[in-house]
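S.K.: With these hints in hand, go ahead and build the complete structure from the sequences.
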Amino acid sequence: MTMQEGRMSYEQFTFACANFIKCPQAQIDSWRLEDESHEFGESFLSLSTIRQTSVPSSGTDADVTVCTVEESDAGKTDNSFNMKLLQYRFDVLYSVSHCVPVLYFTISETSGRLLSLDEVWTLFGLQAETDTSLWNVVSWQDHPVLHMPFLCVHPCSNWAIMKECFQGKEPTCEQFLISWLSFVGNQFGLKLSPAYLLNS
Amino acid sequence: MSSAEPSSNISMAISDSSTTTGGGGPKMMFAPFSSLISPTFWGKFDEVKVEVLQLNEDPVPICGFYAPHDMPGVNPIISVDNTSFDVTSKPHYGAIKAPGMIKTTISAEHFKAIDYNELMRNFGKSLFGEMLFSEEGLTRLAQNPTMLASFFILTYADLKKYKFLFWFGFPAISLPSVETFKVGGSTVPASEAFPNYEQDLAKRLQQQQQQESGEGGKGFFLLVKNSEGSIELKSLEQIDQIITSQTPLSNLWFGFLDTSSIDDTPSWVLRNYLAFIKLKLKLPAESEVNIFSYRPGRSATMKDVSCSYRVLFHGIEGAVDSLDTVKFVGWERNDKGAFGPKHVDAQMTMDPIKLAENSVDFNLKLMKWRLFPEFDLKMMHRTKCLIIGAGTLGCNVARCLMGWGVRHIAFADNGNVSYSNPVRQSLYNFDDCSSGGKGKAETAAASLKKIFPGIKSQAAKIMVPMPGHPISAGTVEQVKKDYDKLVELVQECDVMFLLMDTRESRWLPTVLGAKYGKIVINAALGFDSYLVMRHGMSVPGTNKRTLGCYYCTDVVAPGDSTKDRTLDQQCTVTRPGVSMIAAALAVELMASILHHPEKAMAPGNVMDSDSSLTLGFVPHSIRGFLGTGEQISPSFQAYDKCTGCSEKVLAELDQRGFDFVTDVLNSSSEYLEKLTGLDKMKEIADLAEGIIELSDDDDDF
Ligand SMILES: [Zn+2]
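Here the protein sequences line up with chains A and B, keeping their order.
Residue numbering for the first sequence follows our numbering, starting at 1 and increasing by one per position.
Residue numbering for the second sequence follows our numbering, starting at 201 and increasing by one per position.
The hints are simulated quantities; they were obtained by calculation from the structure and are not laboratory data.
It should be emphasised that the depicted structure is a prediction, and the values quoted were computed from it without experimental measurement.
Positions of the beta carbon are idealized from the N, C-alpha and C atoms, including for glycine.
You may find that some hints are simply not true.
With a cut-off of at most 27 Å between alpha-carbon atoms, the simulated DSS-like pairs for lysine-lysine come out as follows [what the hints assert, rightly or not]:
(1) A:84 / B:363
(2) B:503 / A:191
(3) B:656 / A:84
(4) B:403 / A:22
(5) B:565 / A:163
One side only, chain A facing chain B, incomplete, derived with CB under 10 Å [stated by the list, open to error]:
(6) 27
(7) 28
(8) 29
(9) 140
(10) 169
M.R.: Shown next, in the form of C-alpha cells:
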C-alpha cells in the first residue's frame, strides 16, 4: 500500500494531520486536531465556519411567540434578520476499510437544525440525483467518533482520484492529505487557501 | 439622555429627546450578540437532560465561545456546541470562552409562565452584576473579565419529538437614564491612534492572542502609553497598579476583542466593560476614557480594522451606587426581529430512526449509481407487500424485501410461534414461544420494526379458508370474517406472496389475486427442491391471460392434503437451506417484475425478452433441485380449465362471492373439477402423469 497508489496508512494519516495543524494558515482558519481518543482510527481534523447566504431566514415558525420584555435603546437592530447564517462543519477522518481520508460534513442553521440532503443540494444549486459527481456518494452516516449524523462523502472512489493525482510520484503524507482535501473539499464548499500547498 | 429600557411610550419619548440634547457626540450603540447553536449541542443536551437534569429546573453552568468572524456587517456571535456542557472545555484558536448558564423548564407551560424581565435580572445579578458593587467583586472581574460576556439559555425540551424551545439572554447592565455613553469626537483608526501600529502593536496583540489561545484568551486587556511615548500591553488584572501609579486617563486604553463587524458599533460586551470601568475607577460624571476596539483580520486578505473610541460618561454624580439602581437587558431577538423564544426541530440530528432510514436508502442508491441505473427506490418504498404464511419462507421473504427498500409489509397467518420455529424462522426468538407462543403474524410484524423502525408492518391473524376443509355451523362466522379480512388485505396490496405449507391453502389467494389483478408470487418447497413462480396476469381489459398460475398444470382440484397423513408428512420437512434459496428467489423475482417495462406482463421465457435489462429476463417459474444442483426456468401457458385462474372460477366468485367459496370449502374436489370441466380431462391427464409429478412434490414433503 503506497500513497502513489492512492492509499495511506493510519500512521501516515495522523502524521499528516499533526503537520497540517501546525501550518499557520490552519491556525488562522481555526482547524482543530481532535486526538484525545487513543482508539485506532479516531483522530480527526475538524473545521467550523460560519457563512452568510442571501436566502432570507426561513422563519418556519408559524407561531412565533412575541414577548414584551425591557429592551435596550442602545442595541443596534440592523437588517441582519433578513440574512441567513449557516454553519459549516468539516471533519476529516480516516477510513480503516478503504485506507484513505474520508470527509464528513454538516451544514446547519443557527438554531442547530441540520439542513437535509435535499436542502444541501439546493444550496449548492444541484439537481437532485441527476448530477454525476462526488455528490452522488454523499449520504447521512453516523460520525464514527461523535456518533451524530454527518453527511459523509463515501470514500469508495478516493483512491482512484488520488492515484490519478500523483501519477507515479510518491507524495509526502502532508501533500497527500492536502491534495485530497483540496480536491474533495472543493466540491463541498471547503476552499483551501493556496497557502497550504506552499507550506507543505 | 435616557437609557431606561423603554417598555412604555413615555420613557421612549424621554430617550428620544435626550439623544439630541446631550453633548460630546452621538449616542453610542452596541451590536447585540447573536446565538449560534451547533447541531452537536442538542445531541449532547439530550444526554444531559436525561442523565443529569431530569426534572431539575435549576440553572446549570455551561460555556460558549466568541471569536472574530469574517462576515462584514454581522453581529458578534456566541456559539455553543457539544463541548459547552463541560465548563473546562478549551476554546478553539482565537476564540474567547464565555461563561453561561442553562435553565431547563420541565414543561412548555413553565417556560411560558416565566417573568422574563425578572429572570434576566436574576441572571444579570448572579452572573456578574453583584460583583460590580464590591471592591472584592471588581477585583475578581478584573481577573476574569470574560464574566462580562456572560450569557444564559432558557430552554424546554420535548425529547420525544426532538423539539426544543429556547431563548438566549445576554445580560447587559443598563445604567440609569442619567448615565449614557457617547463617543467623544470621531472614531480613530488604530493606525492613527498608535504610532507604527501594524508593525508593532498589532503584532504584539496577535502574539498575545496566540499565547493565550491554549487556555482561552481573556478578550480584555490594557494599553498604557509610557513616558517615552511607547505603548505597553498589560492584562486587565494590572488595573490596580495603574490606578496607584496615577497614570493619566488620556494615556490609558481599555482594550477588548471586539467581535462585532458592524462599522462604528462595538460588541455588546463593551456595555458591561464600561460599567466595570466606571465603577472600578470611580469615575465622576463627565469623565472620558479611551476604548480600544480590537478587530484583528482573520486571514491574509482581511485587514485589522481596530479603532480607538473616546467615551464620555455623561450624567449625574453618584446615581449608580447599588444594584437596585440598575436594570439588565439583553433578550435575543428571534429570526423575525421580535423578542421571543425560538423553536428548533432537531429530529434530523437526534432521531436514530431517521438516520437508519437514510442509511438503508443510501446503500440502495449506491446500487443505482453503480450498477443498476433503472433502480426505482421510491417505487420500492411505495410497494405494498402481503405475505400469506409467516413461516420459514415468510420470515426470509420479509427480510429480503427490507433489503430492497420495501417499507410496507403485511403478514397473514393463523399460527403461533412454537419451540421448533425460531431456528428456521428468522423473525422469531425463543422468548416468543413461551406460554403457548405468540401469534406469528403479529410477532413477525413487530420483529421487522425492531430490525428497522422505518418499516410499516401490519399483521392479521387469519386462517385462509381452504377447499376440502368444510365449514361447520360453529365456524361459519369466523370463516366469513377471515374471508372478508383476506379480501381486504388483497385489495390493499400490490404484491402477494403465497408462502403457506399446503397446496389447498393457496387456492383462495390465487383466485383473489387473479380477480383483483395483483402480482402473485408463489413459493413452495420439497425436501430438496423448490418452486418459485409468478402467476400470469390477464391482458388489461380482457380475461385473457397468457402465463399460467400455480394450478394451471393440475388435473385435480385442490383438496385436503393433510388428511390421512402421518405427522412428518403434514409438516414441511425440507433441507434447511431450501427455504432461504426459495425466499430469496421470490423477492428477486418481484424486483425483476417491478423493474420490467411491462411489469407483470413481462414475457416468461428468455427468447422473447429484452436482453438489455439490468435485472435480465423475468422467469415465469424457477424450479431447483439441490440433489443435482440444477435450476430450470420453464414457462407454461394458462389453462382454460384451471381451478385457480380460469374465467369460469372468476365469474363464479364475482357472482356469488362468499357463497361460492363456501361451496368449494364444503364440497369434495369434484365440485371445482366439474365447474371448470377439468373432470373431462382427467383421463387424458393420467397418461401424462410423469410430467405433472414434479408439481405434486412441491409442498407435500
Ligand atoms: Zn391457473
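S.K.: Looking back at the hints listed earlier, which ones does the structure fail to meet?
M.R.: Going through the list in order, the structure violates hints 3, 10 and respects the others.
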